[in-house]
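Taken in sequence, the protein lines are chains S and D.
Residue 101 in numbering that gives the first Met the number 0 is what sits at position 102 of the first sequence, and the numbering runs on without skipping anything.
Residue 38 in numbering that gives the first Met the number 0 is what sits at position 39 of the second sequence, and the numbering runs on without skipping anything.
Keep in mind the hints are simulated off the structure, nothing from the lab.
Glycine included, every Cβ here is placed at the ideal spot set by N, Cα and C.
It is possible that part of the hints are untrue.
[What the hints assert, rightly or not] To spell it out: a stretch of chain S is covered by chain D in this simulated footprint if at least three of its residues, at any positions, have a beta carbon under 8 Å from a beta carbon of chain D; those stretches are:
1. 65-72
2. 89-99
3. 133-139
4. 218-230
[Claimed, not checked] In silico EDC-like links for lysine to aspartate or glutamate, alpha-carbon gap of 20 Å or less:
5. S:Lys419 x D:Asp9
6. S:Lys405 x D:Glu54
7. S:Lys167 x S:Asp404
8. S:Lys405 x D:Glu48
9. D:Lys51 x S:Asp404
10. D:Lys51 x S:Glu408
11. D:Lys52 x S:Glu98
12. S:Lys395 x D:Asp9
13. S:Lys395 x D:Asp19
14. S:Lys405 x D:Glu46
15. S:Lys201 x S:Asp323
16. D:Lys52 x S:Asp323
17. D:Lys20 x S:Glu98
18. S:Lys395 x D:Glu46
19. S:Lys9 x S:Asp105
[What the hints assert, rightly or not] Sample of chain S residues at the chain D side, in silico, Cβ under 10 Å:
20. Asp18
21. Asn102
22. Leu103
23. Ser104
24. Asp210
25. Gly398
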Amino acid sequence: MQGQIAELTKSSGMLGTVDLEIFYWWCTAIMICIHAGFLAYEMGASRAKNVLASGVKNILAFAFIVPTFFFFGWWIYLAFPSGIIPGESGAAGLPWAAEMGPNLSDNASGVFWAAFVLFAATTASIFSGAVIERIRVSAFVVLAILLGSVAWILAASWGWHPDGWLLKDWGYHDVGCAGLIHVVAGFFALGVLLNLGPRIGKFNADGTANDLLPHNVPMVLIGLMLIIVGFFGFLGACLIFNPGAQWTNIYGQPATLSSYAFNTLMCFSGGIIGAWATTRDPFWMMPGALAGIFVAAAGLDVWYPPLAFLLGIVGGVIIKPGNDFLVRMGIDDSVGAVSVHGFSGILGVMAVGVLASGYPNPGDAPATSFMGQLVGLIVMLLCGFVSGYLGSLALKTAGVLRVPDKVQEIGLDLAEIPCKAYPEAVGSKSATLVPAE
Amino acid sequence: MHTSPITTWDGAAAYFTFADKPAVLYVILAAAVIVTFGTIIMAGIHEIEAFKKIEGKD
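If we strip away everything but chain S, and leave its shape as in the complex, we get:
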């Protein structure tokens, strides 16, 4: 009898371990939809003369994040939770560690690493859309690595790691990465845009703006819906699967996957409705869904679902005015990434501070609070903006950031891509330049 109980206990434990692997494996697979979506979104938002160059750039972001996150990204996450001095905990993330490869005594490292790789690649894809049609591919890849395998993951080590100083000292709460990914990536993009400059033809000599129309809005819409699908994998992977016990969020607080189901769907729909009600424009409706999720993301585990819905509406409402503001400032964000991710992310982080203070944290970490969220937000803003601005400034100074004006005029596909997107199309090289309203 004792032997049978021991055998059943061992079997049950192994089943739980394998379930853990399966859960994160499929979350990772679903997250790849984010990249399929961004690929379609960016190509659709490009003019026909740049469509393949935009696609190639996006694909390369994913491709280069994977090895660089193996080389040093995972180590950064594990080594820096206490600040800027690397700790011994980083040893398990070194690229030659026993945990960083097939290992029968470690079922978790590979699937966790993979999920984080997809988080990292998501940050790079967010940034990617903002800079289409005038950034050099090589410069973009360097900046994507800087964002995905360095800046974001350092912020995550501080604000998402269970020993991160933002949690331990301030009780920072950001379960769905409103700040960690969306503020960091959005403001990284803003820092780059300041150095990169607008696309040729975006602004007139008197400062007024033109709309450089997307060549395929249906592709944009399908891409954005794919991103939404991917975010269900993303948000699922933000939970910790504890075999034989209740789920916890990334901070170790008890949570349920059901809470994410309620609130993700409610804020998603709120975002669409908010954007539709204020713009009637399908180009903004699906980003509205994303913004709705991001405004609710930080507290996705605790919101009363109708509150998540209202937060989603706020996200859907603010993105178009946010992007219009940037245009008035002379900033050409081709897909509205700064507004959709950066501005919504700010609201998401602070929504917890205003509407969800007082939730206890494990151990000695303080409860969630307005000040904790504010400090975390400032850290995320700096991580994103400073790294993006300085990285792009260095490339600009070296003269390798921006595609020359003449190449922009004829189209990046003709200059860089050895095949044609629409070889039988008539007039595919013509510019779609019309005055903005």
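The hints should help you fit chain D onto chain S, whose structure is shown.
What follows is chain D alone, placed relative to chain S:
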């Protein structure tokens, strides 16, 4: 090439190729790093030359 670090699955932990030969791991890792960043540098050089050709067509 014999690359297995184990001779039995009993008690095996890290079993990836060359897991018991750190020096070989470092060489392979260095090669992977060089290829990764080398292709970016090559792409940058290619872009500079391609753009110069187009700009020189005036």
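Legend entry - Hints the structure fails to honour: Violated hints (numbers, rising): 4, 5, 7, 11, 12, 13, 16, 20, 24; every other hint is consistent with the structure.
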